[in-house]
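Starting from the known structure of chain A, fit chain B onto it as the hints suggest.
The listed protein sequences derive, respectively, from chains A and B. So the working numbering is basically just the index in the first sequence, starting at one, shifted up by 106. So the working numbering is basically just the index in the second sequence, starting at one, shifted up by 106.
No wet-lab data here; the hints were simulated from the structure. Hints are not guaranteed to be accurate.
Unchecked claim - Derived DSS-like pairs (lysine-lysine); straight-line CA-CA distance at most 27 Å: (1) K557/B / K663/A; (2) K622/B / K344/A; (3) K140/A / K344/B; (4) K599/B / K642/A; (5) K557/A / K557/B; (6) K599/A / K642/B; (7) K599/A / K599/B; (8) K599/B / K660/A; (9) K646/A / K642/B.
As the list claims (entries may be wrong) - Just some of the chain B residues that point at chain A, by a computed CB distance under 7 Å: (10) L139; (11) W341; (12) K344.
Stated by the list, open to error - Which stretches of chain B does chain A cover? Using the computed rule of at least three CB atoms under 8 Å from a CB of chain A, they are: (13) 119 to 130; (14) 218 to 230.
By construction, the Cβ of each residue, glycine as well, lies at the ideal position given by its N, Cα and C atoms.
Number of protein chains: 2
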Amino acid sequence: MSQLSSTELFQFILAITVMLGFGKGFGELFRKLKQAPVVGEIIAGIILGPTILGYFFPDLLKFVFPESGPVGYSLEAITQLSILFLLLAVGLEVDLGILIRYGKSALITTFYGMLIPFIFGFAVAFLIPQFFIDNPDERLIFALFLGTALSISALPIIARTLLDLNIFRTKLGMMIIASAMFNDLIGWIAFSIFLSVAEGTGTGLSIVSPIVLILLFTAVMIVIVRKLFHRMIPWVQKELSWPGGIIGFIMVMGLVGALITEKLGMHTILGAFIMGVALGDSVHLRESTREIIQQFITNIFAPLFFVYIGLRINFLTAFDPTIVIIVLVLGFAGKIIGAGYGAYKGGFGKNESFAVGFAMNSRGVLEIILSLFALEMGIINESLFVGIIFLVVISSILSGPLIKLSLGKDKLKGFVQLLSSEDIVISNAVSKRDAVMELVELACSKHKLDKTNVFNEVWKREESLSTGIENHLAIPHAKIDIKKPIAVIALNKDGLNFEAADNELSKIIVLLLTPKNENELQLKLLSEVANLFADKTNSKEIINSDSSEEILSKLVKIKSRME
Amino acid sequence: MSQLSSTELFQFILAITVMLGFGKGFGELFRKLKQAPVVGEIIAGIILGPTILGYFFPDLLKFVFPESGPVGYSLEAITQLSILFLLLAVGLEVDLGILIRYGKSALITTFYGMLIPFIFGFAVAFLIPQFFIDNPDERLIFALFLGTALSISALPIIARTLLDLNIFRTKLGMMIIASAMFNDLIGWIAFSIFLSVAEGTGTGLSIVSPIVLILLFTAVMIVIVRKLFHRMIPWVQKELSWPGGIIGFIMVMGLVGALITEKLGMHTILGAFIMGVALGDSVHLRESTREIIQQFITNIFAPLFFVYIGLRINFLTAFDPTIVIIVLVLGFAGKIIGAGYGAYKGGFGKNESFAVGFAMNSRGVLEIILSLFALEMGIINESLFVGIIFLVVISSILSGPLIKLSLGKDKLKGFVQLLSSEDIVISNAVSKRDAVMELVELACSKHKLDKTNVFNEVWKREESLSTGIENHLAIPHAKIDIKKPIAVIALNKDGLNFEAADNELSKIIVLLLTPKNENELQLKLLSEVANLFADKTNSKEIINSDSSEEILSKLVKIKSRME
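Chain A with its partners taken away, still in its complex shape (with noise of 0.2 Å):
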């Protein structure tokens, strides 16, 4: 406590307090845009950096960032801490059971949806390198960057897309998330190699021997090490503090595989990330530990290390409009056509096909990190870096609205889509006349419905047969004026009485208004929902909910069981 003096403490606060105040604030930002927060605590980092802030203000960006000293170190060194447990984070979310189920089309689809970005970044370095860097001589090397760069798809980027556009638990988003999770996998491994050969001498051997020990540590940790950690979990979660003992446990085994990769000679974040996913594939490891660690790295550590980014780099000097777009063309085409192919392969249609590609297109985490390096090692110059985080920041932003527009609306429809987190209450509702006024005006506040119409609509069917259905399911409805259909539900752990079958009370009770000449829709959504919860476990999975995210959450799931 002796070393740094007070003005250096106060510094590192402000600067702790800065980057995480305008990343979160951003993230959140985006976030309600419907964007990836990533995109948003990148953009604050760009604002609080050189590019924005240091322009109007280069005295204040000296004193809140500064780049040498005391309080720069220990910035550095945080941030670096931050990378190691966000790749620990995505680590964890890797479900090796995911992998094998969808093996053969996934591997189809990684490896076209690596081969031809790799290929098209790696020809373009290699034939025309004086485009991007000041000496040809290092070609080789640079295409290797390049191929490997633009070949790496963004795991949580896409799992977050495909939970916002509710296709993540079908078939066809399961098959995205475990391409992007062997994506994730040989890319980090491509990444520690790419490494490896960029700080090795250049001679075969230096080449060769550190691929080898890479594949070797892999191999050894997800074989051994993981069942290793699937029997000492139960033992950890049992004999130690709960959660606290758990929690500590994975955090220590992350920074002691990143220093033992240090030590063979890769990369820190390699190791981190590898002990993730062997840590992770437990099914002993609760959910509610992963919660804690997932949400303390994403939300504390992650937007440190967003922001840092930009506090590093002048975009606005380093800009260049034409490697902006030759990275753009080449990263989209390459991916959008390798992965599209490889799931058209593997034995998807053609929409669906072109849905993956655009999926898989998202860039982010290791792009950046690999980047930085590549920068730092002086094998990319500062322009190609700036078109490197362009690309990560389009590709994700363009990837929800461009699968969409290849699934059409049609795919996105059913009752479990037609929901947000929005559209689901608890209620205290003490009468099935209150509990149905609620969810009316739940949902006419949102459409901009005239509510007393609607309610006597909803009201005169009830009257005329109840909608109480067994297992503490109702299904108040209506036909009424409107495009599309909706649908809000009320959770009334209470229970009210609709009636049902089986003489039990209501409990979960869910409105749904529909297009007026529409009886199919109709029909097919109500059948939807009573098949739903037509297994009594279901409807008391979502009984015991506590929350509108963690129903929502529930009804994916168990929607995706039936399919």
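Then chain B, alone, in the frame of chain A:
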């Protein structure tokens, strides 16, 4: 990323890994020994620091924990950040509602519990300063330090001890917690005042104005800002991502609080703490949000800080038995007499007052941080610092056993107090007989009883008259040849038919075994269990649980609501 060399980065990650690994390891070990984990974490630091590791392997110590240079700076910065977050977490735990409910006796206890040890410390330091410090002219500030250091109790350790003894939610327990919260609140304010005075020039005005500022800041935060947060939190939880948005919000606010107090000339930690109090008081803040933040901070950041303490000082060379004994005697006597007398004045009996004194005698984080600052300012030397650390460790270790001693066994023998989480199972039994057998086996394996015999006794009773009670409860029971009553619980969510009067299936099944000749005790316990669930909401609350720990903590809460 360009500044830290790859060796420095490795060193930094190695240091964090070792600190976290050893800290958590020893913390868990001490938890197993029914001690506060913080004691284990401090001892981990002593082992890793100059006292042990540095004695045998001085070069290794210098490599892993360099005192200066980029790695030294970075370790210090992250440790400082950890204290801030730790204080934020401590603040989040303060429940102003409890302060109001138990206000009167808690205030009296706090008043005497702080005044007497302050007088003890101040008087001894002022009268015989030569024992502790080299320059007796600075005796005033030194006396202020010792008085303050001895008068502050440790809320987290006290809470933990009371939880371990199962008296947390009793009236006595809540009064102790309320006192500890007052103590914390006043303690941190006193701490900030002490720092301002110590750093000030010593003129009258420079002492008074920071005191006024600190009190004003605290008042504004707790009266006005707290209400603002209370209104903002539902918005944050609803509109931003969940739980990411609120986690980010709380962490950023904690940092902002730190920056404000630093700018106002107080210390950063006061701001983080008071911000925590203002945020944590809102009833809107969901339990799971609090949980994620608490768990991550106490399990990742806190160990880094506590281990760091041991790294700083050689406890062997600085160990002075005379000083340790003086500090221990002063600390114990002042606090036990003061808080005990306060509790007695506040209306508690003699034994209970002693228990209050022993509980409040626990010291912790605040003493440590205060002493660290005093050490750095040259107000105290390393020997006294070591003395204070000893006081922290020994007072915390002895707190539990001393409370037990003073309360005797009678007070700790209610139904809920009989239970630990091992005595509770989530059961999937499909018949009444299976469920009873499961419970009998659980009880018998722990207490080494003959399960056939016990089962026969219980089943005989069950067959003569089934023990189902209203609200999904059943209490199979028997008197058998044991010395102390035994209770175990099974939660069976599907419910089993114990022929309850309300025709509902029994989901909460309590097996109660009592000594053969103690009719009274059996009746008392049976009626206690029945009363516990006489209210429908209570049984519902238990049924909606997913783990033994959750059931136990809910039972404790229900019990306390009824007292």
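Structure-based check of each hint:
| no. | hint | result |
| --- | --- | --- |
| 1 | K557/B / K663/A | violated (42 Å) |
| 2 | K622/B / K344/A | violated (34 Å) |
| 3 | K140/A / K344/B | holds (16 Å) |
| 4 | K599/B / K642/A | holds (13 Å) |
| 5 | K557/A / K557/B | violated (64 Å) |
| 6 | K599/A / K642/B | holds (13 Å) |
| 7 | K599/A / K599/B | holds (15 Å) |
| 8 | K599/B / K660/A | holds (19 Å) |
| 9 | K646/A / K642/B | holds (19 Å) |
| 10 | L139 | violated (13 Å) |
| 11 | W341 | violated (12 Å) |
| 12 | K344 | violated (9 Å) |
| 13 | 119 to 130 | holds (count 7) |
| 14 | 218 to 230 | violated (count 0) |
Violated hints, listed in ascending order, are 1, 2, 5, 10, 11, 12 and 14; each of the other numbered hints is respected by the structure.
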